[in-house]
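Engineer: Protein chains in written order, with my numbering: chain A, 1 to 99; chain B, 100 to 252; chain C, 253 to 808.
Source of the hints: derived by calculation from the structure; they are not laboratory data. Just so you know, these numbers come straight off a predicted model, no measurement behind them. Careful, some of the hints might be misleading.
Keeping only pairs whose Cα atoms sit at most 27 angstroms apart, straight-line, the calculated DSSO-like set for lysine-lysine is [said to hold, decoys possible]:
#1 A:Lys71 / C:Lys775
#2 C:Lys499 / A:Lys71
#3 A:Lys2 / C:Lys282
#4 C:Lys427 / C:Lys417
#5 A:Lys71 / C:Lys443
#6 C:Lys499 / C:Lys736
#7 C:Lys289 / B:Lys217
#8 A:Lys71 / C:Lys289
#9 C:Lys803 / C:Lys499
#10 C:Lys803 / C:Lys737
#11 C:Lys736 / A:Lys71
#12 C:Lys497 / C:Lys427
#13 C:Lys497 / A:Lys71
#14 C:Lys443 / C:Lys427
#15 C:Lys803 / A:Lys71
#16 C:Lys497 / C:Lys736
#17 A:Lys2 / A:Lys71
#18 A:Lys2 / C:Lys736
#19 B:Lys217 / C:Lys282
#20 C:Lys775 / C:Lys736
Partial list, derived from the structure: chain C residues whose beta carbon lies under 8 angstroms from chain A [what the hints assert, rightly or not]:
#21 Leu301
#22 Leu677
#23 Arg686
#24 Val734
#25 Gly738
#26 Glu752
Every residue gets a Cβ at the ideal spot worked out from N, C-alpha and C, and that includes glycine.
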Amino acid sequence: MKILTGNDLRSGAVTWWNGSGWSLFVDDAVDVGDEAEEILAREEAARRVNVPYAIEASIDAAGHVRPAHIKDRVRALGPTVRRDLAVPTANKTGWDWVI
Amino acid sequence: MVDTSNLGTSPDEVQFRFRDDEPVDHAAVTVDSVLEQTNATAVRIEPGDDARLLLPFLDRLALVEVNFPAFGDGRGYSSARILREAGYTGELRAVGAVLIDQLSHMRRCGFDSFAPDKRLDEDDARRAFATWENVYQRAADGRRTIADKRHEA
Amino acid sequence: MYRYDSYDQAMVDARVEEFRDQARRRLEGKLTEDQFKPLRLMNGLYLQLHAYMLRVAIPYGTLDARQMEMLADIADRYDRGYGHFTTRQNIQYNWIKLEDCADALADLATVEMHAIQTSGNCIRNISSDHFAGAAADEVVDPRPYAELMRQWSSFHPEFTYLPRKFKIAVIASEKDRAAMRLHDIGVRIVKRGEEIGAEFYAGGGMGRTPMIAPLIRDFVPIDQFITYAEACLRVYNRYGRRDNKYKARIKILVHELGAAEYIRQVEEEFAHMLSVGVEPPREELARIATHFAPPPFRHPSESWDLGRLQSEAARDPSFRWEDGFGRWVRQNTHPHKAPGYVSAVISLKPAGGIPGDATSEQMRVVAKLAREYSFDELRVMHTQNLLLPHVAIADLPAVWQALDGAGLGSPNMDTIEDIIACPGLDYCSLANARSIPLAQRISERFAETGRTEVVGELKLKISGCINACGHHHAGHIGILGVDKKGVENYQLSLGGSEAEDVSLAKITGPGFDEDGVIAAVEKVTDVYLAKRSDGERFLDTYRRIGMEPFKEALYG
Numbered sequence: 001m002k003i004l005t006g007n008d009l010r011s012g013a014v015t016w017w018n019g020s021g022w023s024l025f026v027d028d029a030v031d032v033g034d035e036a037e038e039i040l041a042r043e044e045a046a047r048r049v050n051v052p053y054a055i056e057a058s059i060d061a062a063g064h065v066r067p068a069h070i071k072d073r074v075r076a077l078g079p080t081v082r083r084d085l086a087v088p089t090a091n092k093t094g095w096d097w098v099i
Numbered sequence: 100m101v102d103t104s105n106l107g108t109s110p111d112e113v114q115f116r117f118r119d120d121e122p123v124d125h126a127a128v129t130v131d132s133v134l135e136q137t138n139a140t141a142v143r144i145e146p147g148d149d150a151r152l153l154l155p156f157l158d159r160l161a162l163v164e165v166n167f168p169a170f171g172d173g174r175g176y177s178s179a180r181i182l183r184e185a186g187y188t189g190e191l192r193a194v195g196a197v198l199i200d201q202l203s204h205m206r207r208c209g210f211d212s213f214a215p216d217k218r219l220d221e222d223d224a225r226r227a228f229a230t231w232e233n234v235y236q237r238a239a240d241g242r243r244t245i246a247d248k249r250h251e252a
Numbered sequence: 253m254y255r256y257d258s259y260d261q262a263m264v265d266a267r268v269e270e271f272r273d274q275a276r277r278r279l280e281g282k283l284t285e286d287q288f289k290p291l292r293l294m295n296g297l298y299l300q301l302h303a304y305m306l307r308v309a310i311p312y313g314t315l316d317a318r319q320m321e322m323l324a325d326i327a328d329r330y331d332r333g334y335g336h337f338t339t340r341q342n343i344q345y346n347w348i349k350l351e352d353c354a355d356a357l358a359d360l361a362t363v364e365m366h367a368i369q370t371s372g373n374c375i376r377n378i379s380s381d382h383f384a385g386a387a388a389d390e391v392v393d394p395r396p397y398a399e400l401m402r403q404w405s406s407f408h409p410e411f412t413y414l415p416r417k418f419k420i421a422v423i424a425s426e427k428d429r430a431a432m433r434l435h436d437i438g439v440r441i442v443k444r445g446e447e448i449g450a451e452f453y454a455g456g457g458m459g460r461t462p463m464i465a466p467l468i469r470d471f472v473p474i475d476q477f478i479t480y481a482e483a484c485l486r487v488y489n490r491y492g493r494r495d496n497k498y499k500a501r502i503k504i505l506v507h508e509l510g511a512a513e514y515i516r517q518v519e520e521e522f523a524h525m526l527s528v529g530v531e532p533p534r535e536e537l538a539r540i541a542t543h544f545a546p547p548p549f550r551h552p553s554e555s556w557d558l559g560r561l562q563s564e565a566a567r568d569p570s571f572r573w574e575d576g577f578g579r580w581v582r583q584n585t586h587p588h589k590a591p592g593y594v595s596a597v598i599s600l601k602p603a604g605g606i607p608g609d610a611t612s613e614q615m616r617v618v619a620k621l622a623r624e625y626s627f628d629e630l631r632v633m634h635t636q637n638l639l640l641p642h643v644a645i646a647d648l649p650a651v652w653q654a655l656d657g658a659g660l661g662s663p664n665m666d667t668i669e670d671i672i673a674c675p676g677l678d679y680c681s682l683a684n685a686r687s688i689p690l691a692q693r694i695s696e697r698f699a700e701t702g703r704t705e706v707v708g709e710l711k712l713k714i715s716g717c718i719n720a721c722g723h724h725h726a727g728h729i730g731i732l733g734v735d736k737k738g739v740e741n742y743q744l745s746l747g748g749s750e751a752e753d754v755s756l757a758k759i760t761g762p763g764f765d766e767d768g769v770i771a772a773v774e775k776v777t778d779v780y781l782a783k784r785s786d787g788e789r790f791l792d793t794y795r796r797i798g799m800e801p802f803k804e805a806l807y808g
């Protein structure tokens, strides 16, 4: 699936396109299909997101949205060496999928 | 002969100017051309040009435009300062990608005229030119530095 | 240490207001991200993996207790309770909000701190010897010269849009404790008879194409010091490559022109600049130098030497000599020019910990110790540790107990546990691989097997990408994280040195996965232990026996 991610302009927090807005949680990310360019351009121009881009992702066995690239998985999870600063998520099962 | 009709900025593209004389009103020519054209009084410097090639002609030049095709290309600052250090007193115009946040540094390097591609907000520009009440280092604007002020008798 | 006068303060305050205005224009949409990015970078604000990261400048690594306490407050008020000390003597905060940044900078300005030019294509923090003002072997304290350069380079109107970043280091001893030869410009203050001047080196750097800076001038009289630097920068600004971001550093220019041609151009510009007259008045250096007068050290008759410390410790079990204090004194203290004193390294490398990180609580402990035991002075080392530069030997027991209680007492300076690691893929958007977990596992491994002390001096440096912020090219053992088809992989290299015997490490061969590279580090230290002659450090043995025995052990 193709999902969109970026950072919040004001706070810098990592965000994911959920279909109508930008969520802090990767599991809210939706497949944008071929609408990526249009959404990216509109949302960035409106400053609802900063430096957004499209990435490949899949749904894993535990039901998490799993970004294809390790870098985006680190963005979704938080620093692997500071689990106390991990991005909160309702579904913690199998969350440790950075590798 | 090189068609220079598209080169150069006209006086009404100049948004800020710190001179009392009349703005030069014809197209600038390239550095290469001015070496050949004995009556040229205005020249345009690109980032890759060597400003020192103009040194023999400074007293007949009324306008030097320095082009900033990309605001991050800082070569024009050196070109400007070099010309002022060599004694150039004519109009030194920054053209191209001239943005608010470059104005004060450009002024310090000797630019006294600004023709940005996109017109700038007047209030923002006024604030930008006035950013630095004092300056640390010597530059082409002749301002006394902080060190000078610290140690005057 | 240097104290701002009203001019310096006004500059920093003006800069805060300029940034506040720029951030406002960004949030209002008057500036695009492309336009705003170079501006925020020049105030040290990056957009990283998780949030904005702010890099606060600690000029030539020197700060006092009040400043360290502010760094702790910034961590608590605007971040998540900790900061990371870097390989250029700065501090980084990883969770800053753009909307808070101007306020954070305003708070920093109240204690004479800032984030000016800690990023961007401009002249960065001037770094120096962390033992400056304390080391017995320095010709003079290098920091006044670093401060003179700091002021000259701040908001320099001609050099604000260089082809690329520009890093300068200033030292004043034969020994190079600031990796000076691996900087864009390296300066060594020297004496010729009674005259003070500077050796200039240009074109060093790590990153993709590491290079050692050649000497370009063996003596610039000190009253032409800034003029010469200006000439070096102007030639770079005019002729440094701008066509390719990865070939834009001055090291490429010096390499492509050849040192002789670069020197010729600099000398020409230098002669011109002398006639223009850009040097600050002589009195300015003298004024700055008065801020660096040595503190009022106790008379030797009122001080202990190390022998006295040891005999007191033998008598008094509360000193805990055998419980770690003795080892810490041996490993973490450095001789001082004043009898009865040492410089004491505060390790930010607990085995298994994150190299260079300190909590706000730890920062406050350190600040208190500086105030009480080090004439209110602290240093940040480019090895990602902190330093109390002037500690009376008699005060060491109290200092160590406080450090030990705060998790800052690891006796591992310059050992394999004293790893330099960049933030890596856990934090940095440029990274290809994580570096911190590697550092944690390696330091833990050597600590738990008791091998750290046996191995002795071994400078291990880890970079998570080719930008080499972990200085892996200069590691006795260097590790570079790469991306191998989307999976983290690590290249091992041996034999680098950042000291005056500077050398660049050589790759051993094919890379390893995470488990593999940790095993590789152990194998390599095994070879060293098996082959070393008396008194040889790892680096010495490597230089004597060459790569072959290590390659043999790694790849069979």
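Engineer: With reference to the structure, classify each hint as holding or not holding.
Structural biologist: Here's how the hints hold up against the structure:
A distance of roughly 30 angstroms separates the Cα atoms of A:Lys71 and C:Lys775; the hinted pair therefore is violated under the 27 angstroms criterion. Note on C:Lys499 and A:Lys71: the hinted pairing holds, with a Cα-Cα distance of about 25 angstroms set against a maximum of 27 angstroms. For the suggested pair A:Lys2 and C:Lys282, the alpha carbons sit about 31 angstroms apart, so the restraint of at most 27 angstroms is broken. The suggested pairing of C:Lys427 with C:Lys417 holds, with an alpha-carbon distance near 26 angstroms, which does not exceed 27 angstroms.
Between the alpha carbons of A:Lys71 and C:Lys443 the distance comes to roughly 50 angstroms, so the proposed pair goes past 27 angstroms and is violated. For the hint linking C:Lys499 to C:Lys736, the alpha-carbon distance of about 24 angstroms falls within 27 angstroms, and the restraint holds. The straight-line distance between the Cα atoms of C:Lys289 and B:Lys217 is roughly 19 angstroms, inside the 27 angstroms bound, and the hint therefore holds. Of the pairs offered as hints, the one joining A:Lys71 and C:Lys289 holds, with about 21 angstroms between alpha carbons and a cut-off of 27 angstroms not exceeded.
Taken as a hint, the C:Lys803 and C:Lys499 pair is broken in the structure, with Cα atoms around 32 angstroms apart against an allowance of 27 angstroms. At roughly 25 angstroms between alpha-carbon atoms, C:Lys803 and C:Lys737 fall within 27 angstroms of each other, so this suggested pair holds. For the suggested pair C:Lys736 and A:Lys71, the alpha carbons sit about 13 angstroms apart, so the restraint of at most 27 angstroms is met. Proximity of C:Lys497 to C:Lys427 is assessed by CA-CA distance (about 33 angstroms); at most 27 angstroms being required, the pair is judged violated.
A C-alpha spacing of about 22 angstroms is found between C:Lys497 and A:Lys71, which places the hinted pair at or below 27 angstroms, so the restraint holds. Under the criterion of a C-alpha separation no larger than 27 angstroms, the hint pairing C:Lys443 with C:Lys427 is consistent with the structure, at around 15 angstroms. Annotation: proposed proximity of C:Lys803 to A:Lys71 is violated, straight-line Cα distance about 32 angstroms (limit 27 angstroms). Restraint check for C:Lys497 and C:Lys736: the C-alpha separation of about 23 angstroms stays at or below 27 angstroms, so the hint holds.
The suggested pairing of A:Lys2 with A:Lys71 holds, with an alpha-carbon distance near 16 angstroms, which does not exceed 27 angstroms. A threshold of 27 angstroms between alpha carbons decides the hint, and for A:Lys2 with C:Lys736 the separation of about 23 angstroms falls inside it, so the pair holds. Taken as a hint, the B:Lys217 and C:Lys282 pair is honoured in the structure, with Cα atoms around 12 angstroms apart against an allowance of 27 angstroms. Using a Cα cut-off of 27 angstroms, the hinted pair C:Lys775 and C:Lys736 holds, with the two alpha carbons roughly 23 angstroms apart.
The closest approach between the C-beta of C:Leu301 and any C-beta of chain A is roughly 5 angstroms, which is under the 8 angstroms cut-off, so the hint is satisfied. At about 6 angstroms, the closest approach between the beta carbon of C:Leu677 and any beta carbon in chain A falls short of 8 angstroms, and the interface hint on this residue holds. Checking C:Arg686 against chain A: minimum C-beta separation of about 6 angstroms stays under 8 angstroms; hint holds. For the restraint placing C:Val734 at the interface with chain A, the shortest Cβ-Cβ distance is roughly 12 angstroms, beyond the 8 angstroms limit, so the hint is violated.
At its closest, the beta carbon of C:Gly738 sits 7 angstroms from a beta carbon of chain A; the interface hint therefore holds under the 8 angstroms criterion. With 8 angstroms as the threshold, the beta carbon of C:Glu752 stays out of range of chain A, its nearest partner Cβ sitting at about 34 angstroms, so the hint is violated.
Checked against the numbered hints above, the structure violates hints 1, 3, 5, 9, 12, 15, 24 and 26; every other hint is satisfied.
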